[in-house]
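Visitor: Sequence:
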Amino acid sequence: MNGPILDILLNLIVLSGLIGMLLLIWVLIISMVGLFFKNIGGTK
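With my numbering, the residue at position 8 of the sequence shown is 12, and numbering never jumps.
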């Protein structure tokens, strides 16, 4: 009886973990690009 509920919980945990990793990578890319443009603006 607990099978389907456990499967749904595991799927939610995996999905939330993947979304969290994608958000982390996205934030890292945005911060890198922001620093890059700040450095270009500073040199000009």
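Some hints here could point you the wrong way.
With beta-carbon atoms standing in for the labels, derived distance ranges [unchecked claim]:
{"#": "1", "residue 1": "D11", "residue 2": "G45", "range": "24 to 34 Å"}
{"#": "2", "residue 1": "D11", "residue 2": "K42", "range": "39 to 49 Å"}
{"#": "3", "residue 1": "V37", "residue 2": "L14", "range": "47 to 57 Å"}
{"#": "4", "residue 1": "N43", "residue 2": "I9", "range": "50 to 60 Å"}
{"#": "5", "residue 1": "I9", "residue 2": "S35", "range": "35 to 45 Å"}
{"#": "6", "residue 1": "M36", "residue 2": "L13", "range": "26 to 36 Å"}
{"#": "7", "residue 1": "G7", "residue 2": "G45", "range": "36 to 46 Å"}
Calculated directly from the structure, the hints in this document are not laboratory data.
Quick reminder that beta carbons are idealized off the backbone N, C-alpha and C, glycines included.
Visitor: None of the hints should be skipped; say for each whether it holds.
Guide: To see whether the hints hold, each was checked on the structure:
1. Range check, D11 to G45: about 51 Å between beta-carbon atoms, so the 24 to 34 Å window is missed.
2. Between D11 and K42 the Cβ separation comes to about 46 Å, which falls inside the hinted range of 39 to 49 Å.
3. For V37 and L14, the Cβ-Cβ distance of about 35 Å falls outside the hinted range of 47 to 57 Å, so the restraint is violated.
4. Separation of N43 from I9 is about 51 Å and conforms to the stated range, judged on CB atoms against 50 to 60 Å.
5. Checked against the given bound of 35 to 45 Å, the beta carbons of I9 and S35, roughly 39 Å apart, stay inside it.
6. In this structure, M36 and L13 meet the distance hint of 26 to 36 Å, their C-beta atoms being roughly 35 Å apart.
7. Between G7 and G45 the Cβ separation comes to about 57 Å, which falls outside the hinted range of 36 to 46 Å.
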